[in-house]
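Chains as they are written, first to last, in our numbering: chain A, 1 to 338; chain B, 339 to 460; chain C, 461 to 618.
Simulated from the structure, these hints should not be mistaken for laboratory data.
Any given hint could be a false lead.
Claimed, not checked - Capping the alpha-carbon separation at 20 angstroms, the derived lysine to aspartate or glutamate pairs in DMTMM-like fashion look like this: (1) K219(A) <-> D254(A); (2) K550(C) <-> D273(A); (3) K66(A) <-> E295(A); (4) K455(B) <-> E141(A); (5) K367(B) <-> D490(C); (6) K474(C) <-> E246(A); (7) K180(A) <-> E334(A); (8) K347(B) <-> D395(B); (9) K474(C) <-> D212(A); (10) K553(C) <-> D490(C); (11) K391(B) <-> E514(C); (12) K488(C) <-> D273(A); (13) K180(A) <-> E337(A); (14) K553(C) <-> E141(A); (15) K219(A) <-> E257(A); (16) K219(A) <-> D229(A); (17) K479(C) <-> D212(A); (18) K180(A) <-> D35(A); (19) K488(C) <-> D198(A); (20) K66(A) <-> D127(A); (21) K455(B) <-> E39(A); (22) K488(C) <-> E246(A); (23) K550(C) <-> E141(A); (24) K219(A) <-> E246(A); (25) K219(A) <-> E3(A); (26) K180(A) <-> E295(A); (27) K391(B) <-> E418(B); (28) K474(C) <-> D193(A); (29) K367(B) <-> D198(A); (30) K479(C) <-> D198(A); (31) K66(A) <-> D35(A); (32) K455(B) <-> E45(A); (33) K180(A) <-> D229(A); (34) K455(B) <-> E49(A); (35) K550(C) <-> D490(C); (36) K455(B) <-> E580(C); (37) K474(C) <-> D198(A); (38) K66(A) <-> E337(A).
In this text, all values refer to a predicted model and were calculated from it rather than measured experimentally.
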Amino acid sequence: MGERTVVLGNRPGIVSWASIVGRKEQEGPYGGRFDQVLENELNGETSFESAERKMLETAVTLCARKAQRELSEVQMLLSGDLLNQIISAGYAARNLQIPFYGLYGACSTMSESLSLGGMLADGGYADRLIAATCSHFCTAERQYRAPLELGNQRTPTAQWTVTGAGAVMLASGAAARGAKVRLTHTTCGRVIDLGIADANNMGAAMAPSAADTLCAHLKDLNRSFGDYDLVVTGDLGHHGRDLLIELLRQSGVDVREDRLFDCGCEIFSPRQDVHAGGSGCGCAASMLCGYLLPELAAGHLNRIVFMATGALLSPTTTMQGESIPGVAHAVVIEHGEE
Amino acid sequence: MDMLMMGIKAFVMGGLFCVIGQMLILKTKLTSARILVGYVTAGVILGALGLYKPLIDFAGAGATVPLTGFGYLLAKGAMEAAKTDGILGAFTGGVVAGAGGISAAVFFGYLAALIFKPRMKE
Amino acid sequence: MGSEKQVSQAQQDKIQRYKQLVDRLSPKSDMVTGLWRAFWVGGAICLLGQALTEFFSRVLLWGATSAATATSICLIFLSALLTGLGVYDKIGKYAGAGSIVPITGFSNSVVAPAMEFRREGLVMGVGAKLFTLSGPVLVYGICSSIIVGLIAFVMEVL
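Work out the full structure, taking the sequences as your base and the hints as a guide.
Shown next, in the form of structure tokens:
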């Protein structure tokens, strides 16, 4: 429908979900909502990378258990993370032994996996699949920024990578019976780069792609902010959110600020001193599975558009002076029986 | 009394060097690694031009402790060794003068990495 | 050919306008507090250095160069210890350049990556990563000292 939006005519059901977060996230405003909290950043492992992988595995396993299904009944796993060669997803898939498609969308992976998973389920190509992603503060700092013990200062636009994982089980046909939440549309994001080269200002780098995807989505479906209870973005942060509002207004969209919900802004409270807010795949994923999906299931929310945003940079491109391209994928999730 | 005076001068001079650094961090996009490279090189150049010694005479550790002081040390070592040992001195002088700091950093750094584990930031 | 250039120009304009928007909406950090904190912490570290130098030259009666070297080594040791204990990053967060500019910052930049990458082993992890952040300082410091030495030699000969 329209230029970029796919209608999922069979309305795949979201049958279960699971979320795991770290201590800092648990101390935030939504702390009580997540399924599990990690004891510490090492999660009983010897390295942060293993800890992240184990967190993802646990989220997937918990998701299956909540749906009262065995892992062997899950036909596909669509997953990715922030690390080089998406090792968390790859190694978790090795341990889980579910057929695996690895994805990289940086922090947009949650909605990317839901988009693709939704299309696979809708087309009848899988009865049951899981879309999952994770991120970990320590592994992200190690790879993209600075060693943990370095005495450096963070800038006001810097964001805090969330330690968290989220897994969602999608089902189609008979397997989706009884699902209270449905996936109805997806809009694929285009990579937009407006010249932001500051790796400490992800919000500004990603806002243009979020604006682009949302505008295309609303235009394709002839909808507006009023059609959604919430327009959810992944991790634009406070600064990115302000930029998005401005960009949308410039494109003629009637923005209802009270309906614009950014997971990065919401997951931490201002007193936790995270500067511009949370970031990372796990940010959107854990908020989706901890707060948004339960609210949709209970009927407190009727329809949301969930748009996780990603910044497609690497430490190499930053050092080579390249600017940061962003991408954002949108999926519409509704409360509904059939 | 004169020790107290020296202490105050060291405090103020050292503070000023850091304030300049902080301005650079706030106002430019320079990362801390690049700022440090700038400081050490500035110390070498100022030392070579004879402009740094007066700062040390005036403020003692206020000028030797900042990284510019390390640069001064390298420059002084290279220049003095060049005068006595010629070209060879130019090559060896700097590193020899800085050997104490470099060895200490490497050694204690390695030990700390063996003994301690990195902790989560608050 | 002409339209290609036009598209590029339109894109350039878009980028420019966006940059202006970003700058306009950017949160500003409190400059004065930051400068004050850098000042007093940096000054305090130098004061400590001064005290150490006095100790070495007046109490132990070492020469000026030895006292200075010993002071550096002590400060480096102290910084390595504080980094290992997980305290130096807190000082850094508070003081910014006040903890980066003194030689203690150099030591912190050696210890932090070494600790971090220990998981990758003692040779390629700790051994190699000791220099990821401090390497440039050594390279540029040593190279410029060599150049200065050579110039001094040439001027001596002339």
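Tested hints:
no. : hint                : verdict
1   : K219(A) <-> D254(A) : 12 angstroms, holds
2   : K550(C) <-> D273(A) : 13 angstroms, holds
3   : K66(A) <-> E295(A)  : 17 angstroms, holds
4   : K455(B) <-> E141(A) : 15 angstroms, holds
5   : K367(B) <-> D490(C) : 17 angstroms, holds
6   : K474(C) <-> E246(A) : 14 angstroms, holds
7   : K180(A) <-> E334(A) : 9 angstroms, holds
8   : K347(B) <-> D395(B) : 11 angstroms, holds
9   : K474(C) <-> D212(A) : 13 angstroms, holds
10  : K553(C) <-> D490(C) : 14 angstroms, holds
11  : K391(B) <-> E514(C) : 18 angstroms, holds
12  : K488(C) <-> D273(A) : 15 angstroms, holds
13  : K180(A) <-> E337(A) : 5 angstroms, holds
14  : K553(C) <-> E141(A) : 15 angstroms, holds
15  : K219(A) <-> E257(A) : 19 angstroms, holds
16  : K219(A) <-> D229(A) : 18 angstroms, holds
17  : K479(C) <-> D212(A) : 17 angstroms, holds
18  : K180(A) <-> D35(A)  : 19 angstroms, holds
19  : K488(C) <-> D198(A) : 15 angstroms, holds
20  : K66(A) <-> D127(A)  : 17 angstroms, holds
21  : K455(B) <-> E39(A)  : 17 angstroms, holds
22  : K488(C) <-> E246(A) : 18 angstroms, holds
23  : K550(C) <-> E141(A) : 16 angstroms, holds
24  : K219(A) <-> E246(A) : 18 angstroms, holds
25  : K219(A) <-> E3(A)   : 9 angstroms, holds
26  : K180(A) <-> E295(A) : 11 angstroms, holds
27  : K391(B) <-> E418(B) : 14 angstroms, holds
28  : K474(C) <-> D193(A) : 10 angstroms, holds
29  : K367(B) <-> D198(A) : 8 angstroms, holds
30  : K479(C) <-> D198(A) : 11 angstroms, holds
31  : K66(A) <-> D35(A)   : 11 angstroms, holds
32  : K455(B) <-> E45(A)  : 14 angstroms, holds
33  : K180(A) <-> D229(A) : 17 angstroms, holds
34  : K455(B) <-> E49(A)  : 15 angstroms, holds
35  : K550(C) <-> D490(C) : 18 angstroms, holds
36  : K455(B) <-> E580(C) : 13 angstroms, holds
37  : K474(C) <-> D198(A) : 18 angstroms, holds
38  : K66(A) <-> E337(A)  : 19 angstroms, holds
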